[in-house]
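Chemist: All chains, full assembly: derive it from the sequences and hints.
These protein sequences, in sequence, are chains A and B.
Under the UniProt record's numbering, the first residue of the first sequence carries the number 1, and numbering increases by one thereafter.
Under the UniProt record's numbering, the first residue of the second sequence carries the number 1, and numbering increases by one thereafter.
Some hints could be false.
Just the calculated beta-carbon pair ranges, DEER-fashion [stated by the list, open to error]:
no.: 1; chain 1: B; residue 1: His27; chain 2: A; residue 2: Gly125; range: 58 to 64 Å
no.: 2; chain 1: B; residue 1: His116; chain 2: A; residue 2: Leu282; range: 31 to 37 Å
no.: 3; chain 1: B; residue 1: Ile126; chain 2: A; residue 2: Gly125; range: 51 to 57 Å
no.: 4; chain 1: B; residue 1: Gly270; chain 2: A; residue 2: Ser142; range: 57 to 63 Å
In short, the hints are calculated from the structure, not lab data.
Here the structure is a predicted model, which means the values were calculated and not measured.
Virtual Cβ for every residue (Gly too), placed ideally from N, Cα, C.
Protein chains: 2
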Amino acid sequence: MRILLVGAGGVGDAFAKIIARRSFYEHVVVSDYDLGRAERTIASIATRHGAETAARFTAAQIDASDPEVVARVAREHSVTHVMNAVEPKFVQSIFAGALAAGADYLDMAMSLSEPHPTEPHTETGIKLGDDQFEQAGDWETSGRLALVGMGVEPGLSDVFARYASDHLFSEIDELGTRDGANLVVRDEAGNEIFAPSFSIWTTIEECLNPPVIFEKDRGWFTTAPFSEPEVFDFPEGIGPVECVNVEHEEVLLMPRWLDAKRVTFKYGLGEEFIGVLRTLHLLGLDSVNPVRVRTADGPAMVAPRDVVAASLPDPATIGPRMTGKTCAGVWVTGLGTDGAPREVYLYHVSDNEWTMAEYDAQCVVWQTALNPAIALELLATGVWAGTGVLGPEAFDAKPYLDLMAAPEPAGYGQPWGLDERTPAAAS
Amino acid sequence: MRILLVGAGGVGDAFAKIIARRSFYEHVVVSDYDLGRAERTIASIATRHGAETAARFTAAQIDASDPEVVARVAREHSVTHVMNAVEPKFVQSIFAGALAAGADYLDMAMSLSEPHPTEPHTETGIKLGDDQFEQAGDWETSGRLALVGMGVEPGLSDVFARYASDHLFSEIDELGTRDGANLVVRDEAGNEIFAPSFSIWTTIEECLNPPVIFEKDRGWFTTAPFSEPEVFDFPEGIGPVECVNVEHEEVLLMPRWLDAKRVTFKYGLGEEFIGVLRTLHLLGLDSVNPVRVRTADGPAMVAPRDVVAASLPDPATIGPRMTGKTCAGVWVTGLGTDGAPREVYLYHVSDNEWTMAEYDAQCVVWQTALNPAIALELLATGVWAGTGVLGPEAFDAKPYLDLMAAPEPAGYGQPWGLDERTPAAAS
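Modeler: Written out as structure tokens, the structure reads:
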């Protein structure tokens with residue numbers, strides 16, 4: 001396996017650092033629009049693991065927005081797998097470039113949605129991933145695999161859902177992905193500051209788009225942003241966090257392979273963050289349409305959302321000033337294999353102090369990057385195999401969770417949790 | 001009297017429209033950085049009042065940031081009074097330009113403050129107007145008058161305070177300027193939108209700077225932004241509005257001429273607006289320090305606060321879509337002239353439907369522009385006279401309020417209110 005990693009930002013950098021400790025692949029090309037960023041990732045691998053390990057990595061410059069450039073770089077390095085670790089707006093170009101180069105493809109976020117033109121808060125328009133699934137025939141014909149949504153959420157959440165479906169439930173009422181954290185970022189003086197741990201650009205995109213929900217009787221439909229607030233109790237000391245519906249890939253992926261009456265995604269944004277996003281929307285500062293602004297060099301046309309992103313600390317740099325844990329998981333309700341009501345929360349927790357110490361990566365991007373590493377290892381060893389455009393739940397979950405939990409060096413040393421909860425009286 | 005109006009934005013435009021109906025002056029030069037804007041103001045006067053009235057106005061281009069340009073334009077037109085109607089960051093250059101040209105000067109906001117370098121929330125640094133008052137000697141020596149803070153707040157509020165001091169109270173506990181409104185702006189579809197009725201740039205400046213308070217025993221001191229929230233009941237149907245301390249000129253002006261134990265300014269921002277300002281501050285979007293942002297034409301350095309302003313509707317354009325009233329006034333507590341506890345609220349209310357119909361100007365900018373017109377008329381007729389740097393409370397309030405209240409054409413047809421309130425048990 002020869003991997004082309006596209007993007008050496010927070011997640012790409014963490015991915016490279018994770019697989020530097022594995023041996024399932026032959027070579028990795030770390031590419032970025034900014035070559036220096038790719039080189040810094042490899043330099044940090046050299047520092048920690050030595051020149052021999054670093055020799056398995058090559059830096060390259062790439063323009064992820066151009067499918068032909070992606071294909072050319074992939075061909076030049078005889079790449080077998082293209083790993084997309086950049087913003088979702090580049091999904092289509094990298095997806096096309098990988099197929100053109102005859103490589104398999106993985107991403108951690110799917111092609112973007114477009115709201116319904118007249119009924120955005122009740123009906124779906126173009127859904128997340130629609131563009132990719134429309135091209136599934138081309139991938140099947142070529143005998144190539146596009147494994148889409150293979151981060152932590154989507155990704156590990158979909159693996160949990162498949163595991164619950166295969167091993168824990170005979171009938172599922174709801175597959176509810178629930179994400180929450182108790183992360184705090186401080187400035188040099190020790191005061192708490194506002195510093196999202198993931199790209200604010202992407203967070204705005206997913207939180208302000210109409211959330212999508214799946215119901216077996218109704219299909220996919222949407223609601224207004226921040227709908228159905230719910231306090232969810234997260235494990236390992238994180239505790240209760242206010243969660244709201246958010247547009248997310250799981251809702252589009254799980255119903256394609258798994259049988260459930262309802263599929264939802266709720267993000268534990270917390271009240272402060274929800275307030276911030278509401279205000280950005282109220283003021284039009286979430287907009288990607290440029291406005292005319294005066295500058296010292298004359299007028300410029302800038303997208304307000306880009307200015308919001310530029311005003312906040314870079315999520316890749318806040319790791320050393322952050323404390324706390326982040327939790328990703330799926331809350332499943334229904335009937336157990338014995339036919340009795342059952343309710344479980346399957347989850348994985350990532351602790352920032354540990355990821356910083358072990359990988360010099362903050363916990364949210366590290367947890368995202370962990371999962372495509374595991375998936376690639378299963379593909380490299382032939383445990384997972386397939387063609388076409390497939391989600392993580394199309395594959396057997398058991399070997400995945402076993403490889404994740406097994407101690408190093410056999411596995412990734414990342415145990416996961418199963419929280420057995422008391423089912424509500426009537427389901 | 002020959003007036004140079006600097007700025008034909010919302011307030012400048014309304015000022016020109018107000019004095020188009022008066023005859024106390026000989027000529028007005030309407031100047032703006034954008035000559036077309038000055039010409040549009042005069043064109044609208046021609047449409048409403050005819051060519052003869054419009055002939056008393058001349059348009060000119062000006063760079064308000066350059067004192068020499070201001071002086072040159074003033075000399076070219078033999079100007080006797082320079083009327084500053086632009087953002088407060090231009091106060092110093094226009095103030096200097098007027099003195100250089102040998103003209104008197106009026107403004108509606110004073111030179112800007114700088115927070116205390118180490119104790120911003122308890123001690124004052126450079127205060128509003130400090131820079132102007134330091135130059136008072138030059139104005140006195142030249143025999144010229146700078147009448148500073150002569151809008152509605154500061155301005156009419158200071159006139160009310162002087163009136164209360166001269167005619168209603170023997171001893172004053174607090175001179176508390178209180179500003180509130182029930183304005184609502186709607187989009188074309190009739191939905192309420194977020195659209196501040198005054199420059200967001202200036203609003204951020206005054207609301208996020210540490211509020212200043214005066215106490216006779218302590219002098220001037222500061223607090224944290226949004227301190228001492230209080231629900232104040234505004235008259236004429238506006239009702240209760242949440243008010244907080246805000247940095248404002250009245251607190252710096254009134255104690256120089258009037259005797260009061262405490263001087264405060266509270267702005268009826270309402271909870272939503274306070275939340276918006278807090279969020280802008282939390283995210284650094286109130287900042288005037290440029291950040292690097294990508295644009296279609298390459299990277300640009302833009303000030304986040306300018307992007308916020310550019311993303312919101314121009315306050316000068318929202319008049320037709322706005323309904324409601326705005327109230328400016330001073331709440332005075334102490335002992336009446338009979339020595340008994342007394343509490344009054346002296347106020348003026350401006351109704352947007354009326355100002356739009358009568359002047360084609362939205363009510364907040366119209367109410368601001370009304371007051372320098374009255375002051376100039378009192379200076380033109382010799383009822384008010386003085387030299388040096390003086391606030392509105394340095395002049396007799398009675399003729400001002402009489403001219404304001406008298407029906408047109410003798411006066412401005414703007415009655416003011418005196419709300420007698422029940423004093424608290426112990427003052």
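Chemist: Run the structure past the numbered hints and jot down the numbers of the failing ones, going up.
Modeler: The structure breaks none of the hints.
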